[in-house]
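Using the sequences and the hints given, assemble the complete structure.
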Amino acid sequence: MENLVQIALQNVNLAAIMPSLVLVCFGMGLLLINVFLPRGTTRPAVWISLVGIVVTAVVTVQGWGNPQYGFSDAVALDNFATFFNVTFLLAAALTILMSDDYLRREGYAVNEYYPLILFTTAGAMWMASGTDMMTIFLGLEVMSISLYVLAGFFRGQSASNEAGLKYFLLGAFSTGFLLYGMALIYGVTGSTRLTEIGAYLNSHSSLLANPMTLAGLVLLSIGFLFKLGAAPFHMWTPDVYQGAPTPVTAFMSAGPKAAAFAAFLRTLEYCFFGLKPEWSAMLWVLAVLTMTVGNVIAISQTNIKRMLAYSSISHAGYALVGLVAANEIGYSGVLFYMLAYTFMNIGAFAVLILVGKQGEENLTLEGFAGLGYKRPLLGVAMSVFLFALMGLPPTAGFAGKFYIFAGAVKAGYIWLAIIGVLNSAVSLYYYLRVMVYMYFRDPTEDYAWISLPVSVLATIILAVIGCLYLGILPNEVMAMAKTAIF
Amino acid sequence: MYDKLWLIPFFPLVGSIINGLFGKRFIRNEAAIGAIGTGAVFLSFLVSCSCFFTLLNDPVKVHQQVVASWMTVGQLQVDWGFLLDPLSALMIMVVTGVGSLIHLYSIGYMHGEEGFYRFFCYLNLFVCAMLMLVLGNNALVMFIGWEGVGLCSYLLIGYYFEKKSAGDAAKKAFVVNRVGDFGFLVGLFTIFWTLGSQHGVWTLNFVEISENAHLLGFGGTVVTVATLCFFLGATGKSAQIPLYTWLPDAMEGPTPVSALIHAATMVTAGVYMIGRMNVLFAMSPTTMTVVALIGAFTAIVAASIGFAQNDIKRVLAYSTVSQLGFMFMAMGVGAFTAGIFHLMTHAFFKACLFLGSGSVIHAMHHALHHAHLDDDPQDMRNMGGLKKYMPITWATFGISCIAIAGIPPLAGFFSKDEILWWTFGSTRGNLLVWGIGAITAGMTAFYMFRCFFMTFHGEQRTHKKAKDHVHESPWVITVPLMVLAFLAVVGGFVGVPAALGGHNQIHHYFEPVFGHAQEVYKIGIKEALEHSHAAEYGLMGLSIAIAVIGIGIAFTMYLKRPELPGRFTARFSQLHRWVYNKWFVDEAYDVLFVNSTKKFATFCWKGFDVKVVDGVVNGTGKLVNVLSTALRYTQSGLLHNYALTMVLGTVVMVAIFLLQ
Numbered sequence: 003m004e005n006l007v008q009i010a011l012q013n014v015n016l017a018a019i020m021p022s023l024v025l026v027c028f029g030m031g032l033l034l035i036n037v038f039l040p041r042g043t044t045r046p047a048v049w050i051s052l053v054g055i056v057v058t059a060v061v062t063v064q065g066w067g068n069p070q071y072g073f074s075d076a077v078a079l080d081n082f083a084t085f086f087n088v089t090f091l092l093a094a095a096l097t098i099l100m101s102d103d104y105l106r107r108e109g110y111a112v113n114e115y116y117p118l119i120l121f122t123t124a125g126a127m128w129m130a131s132g133t134d135m136m137t138i139f140l141g142l143e144v145m146s147i148s149l150y151v152l153a154g155f156f157r158g159q160s161a162s163n164e165a166g167l168k169y170f171l172l173g174a175f176s177t178g179f180l181l182y183g184m185a186l187i188y189g190v191t192g193s194t195r196l197t198e199i200g201a202y203l204n205s206h207s208s209l210l211a212n213p214m215t216l217a218g219l220v221l222l223s224i225g226f227l228f229k230l231g232a233a234p235f236h237m238w239t240p241d242v243y244q245g246a247p248t249p250v251t252a253f254m255s256a257g258p259k260a261a262a263f264a265a266f267l268r269t270l271e272y273c274f275f276g277l278k279p280e281w282s283a284m285l286w287v288l289a290v291l292t293m294t295v296g297n298v299i300a301i302s303q304t305n306i307k308r309m310l311a312y313s314s315i316s317h318a319g320y321a322l323v324g325l326v327a328a329n330e331i332g333y334s335g336v337l338f339y340m341l342a343y344t345f346m347n348i349g350a351f352a353v354l355i356l357v358g359k360q361g362e363e364n365l366t367l368e369g370f371a372g373l374g375y376k377r378p379l380l381g382v383a384m385s386v387f388l389f390a391l392m393g394l395p396p397t398a399g400f401a402g403k404f405y406i407f408a409g410a411v412k413a414g415y416i417w418l419a420i421i422g423v424l425n426s427a428v429s430l431y432y433y434l435r436v437m438v439y440m441y442f443r444d445p446t447e448d449y450a451w452i453s454l455p456v457s458v459l460a461t462i463i464l465a466v467i468g469c470l471y472l473g474i475l476p477n478e479v480m481a482m483a484k485t486a487i488f
Numbered sequence: 092m093y094d095k096l097w098l099i100p101f102f103p104l105v106g107s108i109i110n111g112l113f114g115k116r117f118i119r120n121e122a123a124i125g126a127i128g129t130g131a132v133f134l135s136f137l138v139s140c141s142c143f144f145t146l147l148n149d150p151v152k153v154h155q156q157v158v159a160s161w162m163t164v165g166q167l168q169v170d171w172g173f174l175l176d177p178l179s180a181l182m183i184m185v186v187t188g189v190g191s192l193i194h195l196y197s198i199g200y201m202h203g204e205e206g207f208y209r210f211f212c213y214l215n216l217f218v219c220a221m222l223m224l225v226l227g228n229n230a231l232v233m234f235i236g237w238e239g240v241g242l243c244s245y246l247l248i249g250y251y252f253e254k255k256s257a258g259d260a261a262k263k264a265f266v267v268n269r270v271g272d273f274g275f276l277v278g279l280f281t282i283f284w285t286l287g288s289q290h291g292v293w294t295l296n297f298v299e300i301s302e303n304a305h306l307l308g309f310g311g312t313v314v315t316v317a318t319l320c321f322f323l324g325a326t327g328k329s330a331q332i333p334l335y336t337w338l339p340d341a342m343e344g345p346t347p348v349s350a351l352i353h354a355a356t357m358v359t360a361g362v363y364m365i366g367r368m369n370v371l372f373a374m375s376p377t378t379m380t381v382v383a384l385i386g387a388f389t390a391i392v393a394a395s396i397g398f399a400q401n402d403i404k405r406v407l408a409y410s411t412v413s414q415l416g417f418m419f420m421a422m423g424v425g426a427f428t429a430g431i432f433h434l435m436t437h438a439f440f441k442a443c444l445f446l447g448s449g450s451v452i453h454a455m456h457h458a459l460h461h462a463h464l465d466d467d468p469q470d471m472r473n474m475g476g477l478k479k480y481m482p483i484t485w486a487t488f489g490i491s492c493i494a495i496a497g498i499p500p501l502a503g504f505f506s507k508d509e510i511l512w513w514t515f516g517s518t519r520g521n522l523l524v525w526g527i528g529a530i531t532a533g534m535t536a537f538y539m540f541r542c543f544f545m546t547f548h549g550e551q552r553t554h555k556k557a558k559d560h561v562h563e564s565p566w567v568i569t570v571p572l573m574v575l576a577f578l579a580v581v582g583g584f585v586g587v588p589a590a591l592g593g594h595n596q597i598h599h600y601f602e603p604v605f606g607h608a609q610e611v612y613k614i615g616i617k618e619a620l621e622h623s624h625a626a627e628y629g630l631m632g633l634s635i636a637i638a639v640i641g642i643g644i645a646f647t648m649y650l651k652r653p654e655l656p657g658r659f660t661a662r663f664s665q666l667h668r669w670v671y672n673k674w675f676v677d678e679a680y681d682v683l684f685v686n687s688t689k690k691f692a693t694f695c696w697k698g699f700d701v702k703v704v705d706g707v708v709n710g711t712g713k714l715v716n717v718l719s720t721a722l723r724y725t726q727s728g729l730l731h732n733y734a735l736t737m738v739l740g741t742v743v744m745v746a747i748f749l750l751q
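Quick note, the sequences are listed as chains A and B, same order. Residue 183 in my numbering sits at position 181 of the first sequence, and the numbers go up by one each step. Residue 330 in my numbering sits at position 239 of the second sequence, and the numbers go up by one each step.
Hints listed in this document are in silico derivations from the structure and should not be mistaken for laboratory results. One should not assume that every hint holds.
Reference excerpt, derived from the structure (chain B facing chain A, CB under 8 Å, subset only) [claimed, not checked]:
| no. | residue |
| --- | --- |
| 1 | Thr518 |
| 2 | Leu522 |
| 3 | Gly526 |
| 4 | Leu718 |
| 5 | Ser719 |
| 6 | Leu722 |
| 7 | Gln726 |
| 8 | Leu730 |
| 9 | Ala734 |
| 10 | Thr736 |
| 11 | Thr741 |
| 12 | Met744 |
| 13 | Val745 |
So these bits of chain B aren't anywhere near chain A, every CB distance computed over 12 Å [as the list claims (entries may be wrong)]:
| no. | residue |
| --- | --- |
| 14 | Asp176 |
| 15 | Leu464 |
| 16 | Lys555 |
Since the structure is predicted, the reported quantities are computational estimates derived from the model, not experimental observations. Glycine included, C-beta positions come from ideal geometry on N, C-alpha and C.
And the structure:
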């Protein structure tokens, strides 16, 4: 017995999970503190969670260039994980900044919101640093369960309840696929360690054509593809994104989506490098489908929140192109794109929150008529985000798409890049339509209800800076992304 | 000190942003806005000074500072980098020095204008762009500046945008400049691509281009084509034949703009660019000859048009075109130093002339306004005898006229004489160019003094109601005038030739920049003439004589016998009509380019765009819309449908994989 404990302890390396540990501690502490806070007092929770994120960020950043492995290689805190962790933390911080006033306005100023965001982030971090299928699964579930609650957070609103429930049921469904895939792979290789699976498949190359391996790969992929909202597993996104509280939607489409990409990328690269042609072909089709479905349906939306949900599907499609390319620039492009997308998407949602009016009444296109004149600064900020989402220079969206499509071209997928660019052109239609309403329509409202709380303003300003910085000087971050991939 | 280079364009940028964002609503106060704008440029001037003097005493003459990496694409690495060598050091001194004075002047000149803050915002932005242009260590940073000054020039020419003529002039300047920019880009990519694909040197960095230029081969086609393209770019920015027509129209902008942008700095960008790429130009004698000839023709054509203009600013505008022609003559015969030297002295006296004219216009405008007259305040026929009202303006304007006419020992004499000497005696020289240059020098003296006499001397033709309201301008206007006039007097002493017992310091100063190309490609004064002071004295005497004759004729025609010009125009009415109408070049361009382009555009619009392009685009749009509506119905909102879709997707994917 004593022996066993010793063996186990030797493999424990707390440094490998330090960032998420810190974050979880803050989350737990917050839950406890919440008990003592009077109802409706949320400011302390906001501050504590922000401090928690900053502390975690400091811890995270120190891991750069200093990889830590632990728990018998079930967790790896390498540059790859660190890069993604920073993305998650940014998403969480921006979300928290813009949440408080929104929750207050909608009458749900409840403190449990903040620990849930922190737990989601911690789950996402485990997904990014998981090098064992079990760790990844654990992270995925921690993240997902918190998200189910967050999506249904407005428990008095049927749309929010519907979102929570739909997400939960379909999520459970997809988890079934994921687990089934993992089980099959375990059955073939006898291990859950990603590296061991990869090595085993490599040394027994006959197994690569084994139906069980292939089925395992497909089912495993479906689990991830569901989380990142790729067609045809995207059906939940519009309903859930529209029904969930807006900051949660913003967060979901940035952080957890990036986490799914992280885990998916690592799994493909660690376990299935022998099957690259196969999964590349599969993802090729799915990328095209995802981009096209997202963009085409977005065109006929008149509710901007729902439109952004579809746009989020198409952006997952663009990022999938980077996985198809499966080369240095493609992979690092995915990392870069997820960071860039965090800024532009959360920024756009932050503007949406301000314009939305109490009860989210004002989310239609008409609701943006003349906004650019009545609220010039908001108009400019929204334009920056829309330009970034369109992928026009000098914004982050352009640089991100450029790298991803460059990776595809370099890998010989010229048609995929062309389809991607054509899709971007289609997306101009519905993004620009918002700008048309903002600048070319006479205002029907005076937008008197828009107040500019400092915290939301901070979110918007940070997002604008992020969009422009990554767009004008992408080199440095891209160089970091390159050192982050394997 | 060199690591502070980035501060030089940075200060005006900050000034521009502050005034642009906060000027209208928050600062509002004219004095504060003016102080921010002027202060920003003055700070740059201080940094420039310290860079300049550090460089002067530094044995190493080329310094680069890379602020940040800009982009890495394939083999190409472009930085936000700055280059300080004697050439850019002199340019930043001129830009920030003259720029500071003109900013100060603008506080007085623009007083009470609507959009005061906007003016200073643009002006600062212009200075920033111009500094990027001259300081950039690679062609792309230079190009940012190149386009930036074009943009600011457009904004400032169209400053009075409610006036249609101002809007038109701004557009004209912009469009004509685009033609030149096209040439610049083509030249750039020719060099970049040839050096890269054939010689493995992928670079846009000026130092590296110069070091590797020899790979292209002396007199080779690539070099000739590329430098001709660059020169096309230069003709656009620096208003040379065939792209000079925008500059006189640019006088629609406020006078300080004409002084800063359209006389002292931006228009010299083309000359600077040739100086920056002197190695490339030196390698193509064909291009050099073209440059010299175009410069010479521009000089004489513009000078001839200057004879008959009555608008004081237009006279100065054509004079600028003509003087720029002189600079290109210099560049074309390999007298790079003389060209840049003339650029500098010209910046002093031409800025002074423009600001002087501004001072006059300012005074006239107020006087006419006061008397409720709508006479044109810029028309010299309404002036005359202003000397007694505006003594400081008179004196500074006069000094600058003497300088530009080339009377020793003022600045213009030394620089112009150096150019003429090189056109005559250089190994790349050309007697035709020299001849045209000498004649133009005489013409310059004539029309400048015509302008001077018509404005300040003789009978006063201002309406008698307005007469007594003409006053000297306030100190913010006269101080810059005096400083510039002082520089117009002494600015030439840095280039006193050996023949006059000087040391021609500026020649030695530029040795590190131009010396290499001149030595390798054997550009210099012909040996036979090199040590013969006699020839040099002779030419000097001749050019002084020509200048004196020009002034004399002006004196006779416009002061002693004012009836002469009328008789002259009557006698040669056809010639006068042509000259007065600027040789009908604008009209010819209208017929040749503008109208035919319009016709073609109309065809493209109505024939092709509306029918074919719109048809395809609208058709695609409709198709996608239909598709979108159809796909929308798949999103039923029913959970079991969603689950079913997932299962179907899974089945298809697994099936495809397993049945492969």
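Against the structure, the hints:
no., hint, verdict
1, Thr518, "46 Å, violated"
2, Leu522, "52 Å, violated"
3, Gly526, "52 Å, violated"
4, Leu718, "6 Å, holds"
5, Ser719, "4 Å, holds"
6, Leu722, "5 Å, holds"
7, Gln726, "6 Å, holds"
8, Leu730, "6 Å, holds"
9, Ala734, "6 Å, holds"
10, Thr736, "5 Å, holds"
11, Thr741, "6 Å, holds"
12, Met744, "5 Å, holds"
13, Val745, "5 Å, holds"
14, Asp176, "27 Å, holds"
15, Leu464, "41 Å, holds"
16, Lys555, "51 Å, holds"
This entry does not satisfy hints 1, 2 and 3, going by the numbered hints stated previously.
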